[in-house]
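Q: Sequence:
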Amino acid sequence: MTTDPAAQNRQSDSGMLDDTVTMRCSVGAVGDYPDHAAEWGDLEAVARLWAGPAFREAVLLASPVLAAQADKLVSSPGDEAPLKTRKRVHKALLKYALRMSSRCTPFGTFAGLALLPVGDGEPVLGTSHTRHVRASGAVTRRMLHEARAMPNARLYPNPAVIERADRFVVTVMRGVDDTHTRAAVRATGPARLALDTAVGTAARHMIEQRIVDAYPAAGLATVGKLVDELLAAEVLLCEAEHSAFDADPLARMPDSIEGVAQLRAAIARYAGAADPVADGSLAALLRLCAAGDLQRDIHVDLELDLSGQVPASVVTAAHDAIAVLGIAMAHTPGPPALDQFSAEFVERYGNTLVPFLTVVDEELGIGYPVAYDAAVYPTDPADDPAADRRRDLIAELLQRAASHSPDTVELTDADLAGFPEPDGMPGSVDVMLRLHRGSAGLRATVTGLGLPGGSAIGRFTSVMPEARDFAQRCVQFDSSWWAGRTGGQGIVCGIDYIAGTDSVNEIAATAPLYPAVLAVNARPHHRAGLVLTLADVYLGYADGQMRIVLADGTPLCVRQLNMATTRASAKAVRLLRDICDSGTRVPYWSWGQAEAVVNRLPAVRYRGVILAEQRWRYPGAADHTRIAVQDWLAATGVSRYVRVGPYDNQLHLDTLHPGHLDLLLDEIVAGNRWVVRAPTPEQMGVVADGRAALHSAEVVVTVAVPTASRVGPALIGQPLHDPRQDQHRLLMPGGEWTAFAITAARHTHDRIVQAFAAAFPGLLGRWYFVRYRDNDRDQLRVRVRRPVGELADVLGWLADARMAGRIGDYAIPVYHRELERYGGPGSFPCYERLFCLETAHIVAVLPLVGAVPPAAAGSPQLLRSGIDAAAGIVSQWLNSLDPSRVNTDEVIDIAVENYSRELGAVVHKIKTALRQQHPRIGAASGALAAGLREFWADPAQADAVLTPGVLQSASHLLCNRLGLQRHEEYAAMWLVKTERNRLQWHEGKSPFVFDRVGLGGAPLRDR
5 MTTDPAAQNR
15 QSDSGMLDDT
25 VTMRCSVGAV
35 GDYPDHAAEW
45 GDLEAVARLW
55 AGPAFREAVL
65 LASPVLAAQA
75 DKLVSSPGDE
85 APLKTRKRVH
95 KALLKYALRM
105 SSRCTPFGTF
115 AGLALLPVGD
125 GEPVLGTSHT
135 RHVRASGAVT
145 RRMLHEARAM
155 PNARLYPNPA
165 VIERADRFVV
175 TVMRGVDDTH
185 TRAAVRATGP
195 ARLALDTAVG
205 TAARHMIEQR
215 IVDAYPAAGL
225 ATVGKLVDEL
235 LAAEVLLCEA
245 EHSAFDADPL
255 ARMPDSIEGV
265 AQLRAAIARY
275 AGAADPVADG
285 SLAALLRLCA
295 AGDLQRDIHV
305 DLELDLSGQV
315 PASVVTAAHD
325 AIAVLGIAMA
335 HTPGPPALDQ
345 FSAEFVERYG
355 NTLVPFLTVV
365 DEELGIGYPV
375 AYDAAVYPTD
385 PADDPAADRR
395 RDLIAELLQR
405 AASHSPDTVE
415 LTDADLAGFP
425 EPDGMPGSVD
435 VMLRLHRGSA
445 GLRATVTGLG
455 LPGGSAIGRF
465 TSVMPEARDF
475 AQRCVQFDSS
485 WWAGRTGGQG
495 IVCGIDYIAG
505 TDSVNEIAAT
515 APLYPAVLAV
525 NARPHHRAGL
535 VLTLADVYLG
545 YADGQMRIVL
555 ADGTPLCVRQ
565 LNMATTRASA
575 KAVRLLRDIC
585 DSGTRVPYWS
595 WGQAEAVVNR
605 LPAVRYRGVI
615 LAEQRWRYPG
625 AADHTRIAVQ
635 DWLAATGVSR
645 YVRVGPYDNQ
655 LHLDTLHPGH
665 LDLLLDEIVA
675 GNRWVVRAPT
685 PEQMGVVADG
695 RAALHSAEVV
705 VTVAVPTASR
715 VGPALIGQPL
725 HDPRQDQHRL
735 LMPGGEWTAF
745 AITAARHTHD
755 RIVQAFAAAF
765 PGLLGRWYFV
775 RYRDNDRDQL
785 RVRVRRPVGE
795 LADVLGWLAD
805 ARMAGRIGDY
815 AIPVYHRELE
825 RYGGPGSFPC
835 YERLFCLETA
845 HIVAVLPLVG
855 AVPPAAAGSP
865 QLLRSGIDAA
875 AGIVSQWLNS
885 LDPSRVNTDE
895 VIDIAVENYS
905 RELGAVVHKI
915 KTALRQQHPR
925 IGAASGALAA
935 GLREFWADPA
945 QADAVLTPGV
955 LQSASHLLCN
965 RLGLQRHEEY
975 AAMWLVKTER
985 NRLQWHEGKS
995 PFVFDRVGLG
1005 GAPLRDR
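Numbering (this note's numbering), first residue to last: 5 to 1011.
Just so you know, these hints were derived from the structure itself, not from any lab. Every residue gets a Cβ at the ideal spot worked out from N, C-alpha and C, and that includes glycine. Incorrect hints may have been included.
Under the rule of at most 20 Å between Cα atoms (straight-line distance), these lysine-lysine pairs were calculated in the PhoX-like manner [unchecked claim]:
(1) K76 <-> K91
(2) K76 <-> K88
(3) K99 <-> K88
(4) K95 <-> K76
(5) K981 <-> K913
(6) K915 <-> K981
The following label-pair restraints were derived from C-beta to C-beta distances [stated by the list, open to error]:
(7) T569 <-> T89: 56 to 66 Å
(8) P340 <-> A275: 40 to 50 Å
(9) T569 <-> A236: 26 to 36 Å
(10) A55 <-> A236: 21 to 31 Å
(11) L292 <-> D217: 38 to 48 Å
(12) M736 <-> A218: 53 to 63 Å
(13) D23 <-> R168: 15 to 25 Å
(14) L292 <-> T569: 47 to 57 Å
(15) P717 <-> R168: 23 to 33 Å
From just these sequences and the hints, can you work out the full model?
A: Below, the structure written as structure tokens:
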């Protein structure tokens, strides 16, 4: 790496985020890399591994059971333990020893971190490291029952509690063992009084006394049981329960709780011990904890005694990496779950702002994304303008590797030509670089990214003042970036959330850094600034994306400044995070589809920085034996030293070492088939200690990403969802309308609705249908304006169709009327009548669109046949609108503009496919047009809201009934728009010229 002359000016350009660098180091030296030859279970080899005091401490903290077994083997060599036991202990210790000498990720006392300035001084590792020791949530949970029962226990309502009907519902539970279920208790008078009294906080005895005073017949014992039930259901929380912003969950526990004072004293003794294994302080602490193979009660973060400076060349490397990744590899993840959720939201609510908890309610709203229940991973959207150029680059690099350099390909500035300017980039990024020494000096390899900047330091912010100060600067930068994107109106808030898994909570714990807090199922102990709850959060839709706002339209951005994956979070937290991140590009190297078919990938280097490491994949059909692995290593040319395994638990292995080879085989058998080139242990040593021993290291550089400021759409002024209209919105079976949800493949929908219309001519004009996609299955929704008690013949028809296999399962659900989307409860009945009229005319012309025609060589078809006929019907529908009340061009423009944003680069391909096509008006359209004109002239439709947005929603449902997919709806609207423009320009006629055109079936251009 070389120092860029412009690096001197970068600090001002980056908001001074890269003047401080996080350095992570392994506590073990690379000289202690465990490569001594020995048979599995050899006691001398076990003793050699178990000799170092730092290693014994790290293993004892991670696994007291393993440490006890190792102690027994080493201290009593005469007691011949079974070979199986010795082999198991030996293998486990070897894996820990490999981690101790080669892995830099902070984990217990194996590795730690420190913050260093940028400069010319060499970093030096001392010996006076600081242990930040705290009890985990598992410990406090065992003490919670006693803490809750104390008369002076301070209680408060769970921020996640809402009232639904006659029940208090906890929407996000703190849970245990990864459970995130809901809880509900009856909202009785005493329960309601308990919550009212606990607002803010209140002592338990005061809550109970107030209930007894109001309900003297209940008695104190009964009231105590009620409060216990509210606490067990998490309707009430105790202040002894920790927040995500607590450095130590034990800090809130009163000393009077049994074991608290003893545990605090033991933690303090261990934290300050010089040799905690020898003096017994660690063992004494662990005796107070629960037994188990892995120790879960005590968490330690190591603040390294690290002095010196980080070379400026490392910062330059981080900037170079982000520059090239931002150009060539800025991915826009399209989570399938969020895409489906967004479509359902727009379908139900249109442009209304809806309370988050209403939207995700399974009964009142659309529920959480169904795909959250499956392992579905984000993919780049098909309309990414850089996708084609990225594929070309990948193909060129693979060809270059095959022809010239199979190990490493150099990426040049010339390779970056042709990429569009990236937009939607994050404001800042943590760039993680693994360091090693090469022939040309210090080298850096990109190993990961964190968004936003400051995330990688995460939990250390709650225990290290330097980390907290640096993260605070990152948060201020992030807040300014968000304000710039929202016209100065946006708010950034940190999420206070306790997951059901203690290991996640340990990683997610941070200091309270944000100006506002979203209290999900926990509350900051010392509140400062704005505190929001899920009940304050609204969802809206604008510019092709879901948005999070407050009730007044203020844009909201939610953050968790840590590296914990959202897949382990409650669905509420995951959805909010996904919505916030959905419009942000993520710059990371990907080989795209090549990763699925290629078993060897080269390293990619740009200006000396390795963006992607060389790796090989063990063939899936190969034998899982040591000999087979050895043969594969030799035949493939795999490097001597490799890394293998999941990211946070990778092993650095010497493939010539028999024991290491067995560990490699174990990883392959476990499914970790990618093997990554690694430097030698000597090359990994980049940080010296006082004994001149070298340690492996990696750095985290926070880079402000230069990007053009792009202000998003304002949702201020959009209508608010009104829960008082639920009586009109949610129609239960038995009323005026009956809804049917029929599972049926999309290609059978036309046949089903035609058969339904033929079977029930008496219902003509009293029913309509919508094509739908629910739970990854096609669905036909039929809504009939008759009570279910009058539809016995329809139920019989459905039963016969199900038995004959013409349809799948069917149900009679609650009819969710999309009031907000169509102007409210006064306007929606008008549109129901419109939908029924459309259905009566449309069924006869189905199917309107056909299969995709045979594609010409090399030119796959986007559009099916019949789009021109669909455009003709849409044009007649639009021209039936009263020009004195509606600007039809605005309706068309909304549809075209919205779909243009949604479809991106695909619209250009659609326009190309539509050349020489025009709307085709058939005879069937004439009857529809006449019926529609008569419909809109009827005074019964006077209450219909005819704004362009509402009419665009209605036209969308028309296209849905015609069988158009979303990109085909855009195509039809584009044909209508261009034809209107053509006629107005050439003939000077009114925009409603279609009313004067005959209905003989010829294209308009020929009339």
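Q: Please test the hint of 38 to 48 Å on the beta carbon pair from L292 and D217.
A: Holds - the Cβ-Cβ distance for L292 and D217, about 42 Å, lies within 38 to 48 Å.
Q: In this structure, is the beta-carbon distance linking T569 and A236 contained in 26 to 36 Å?
A: holds, 29 Å
Q: Given the hint of 47 to 57 Å, is the C-beta distance from L292 to T569 inside that range or not?
A: violated, 31 Å
Q: Quickly compare the C-alpha distance for K76 and K88 to 20 Å and report which way the hint goes.
A: Holds - the C-alpha atoms of K88 and K76 are around 15 Å apart, at most 20 Å.
Q: Is the hinted pair K76 and K91 satisfied, with a Cα-Cα distance of at most 20 Å?
A: holds, 14 Å
Q: Just to be careful, I want the Cα atoms of K95 and K76 compared with a cutoff of 20 Å; is the pair within it?
A: Answer holds: K95 to K76 is near 16 Å, not above 20 Å.
Q: Is it true that the C-beta distance of P717 to R168 lies inside 23 to 33 Å, as the hint says?
A: holds, 32 Å
Q: Check the hint pairing K981 with K913 against an upper bound of 20 Å on the C-alpha distance.
A: holds, 17 Å
Q: Taking the beta carbons of D23 and R168, is their distance inside 15 to 25 Å?
A: For D23 and R168 the Cβ distance comes to about 51 Å; the hint is violated.
Q: Would the pair K915 and K981 pass a check requiring their Cα atoms to be no farther apart than 20 Å?
A: holds, 12 Å
Q: Return holds or violated for the Cβ distance of M736 and A218 against the range 53 to 63 Å.
A: violated, 35 Å
Q: A range of 21 to 31 Å was offered for this pair. Does it hold for the Cβ distance of A55 and A236?
A: Since A55 and A236 have Cβ atoms about 50 Å apart, the given range 21 to 31 Å is violated.
Violated hints, listed in ascending order, are 7, 10, 12, 13 and 14; each of the other numbered hints is respected by the structure.
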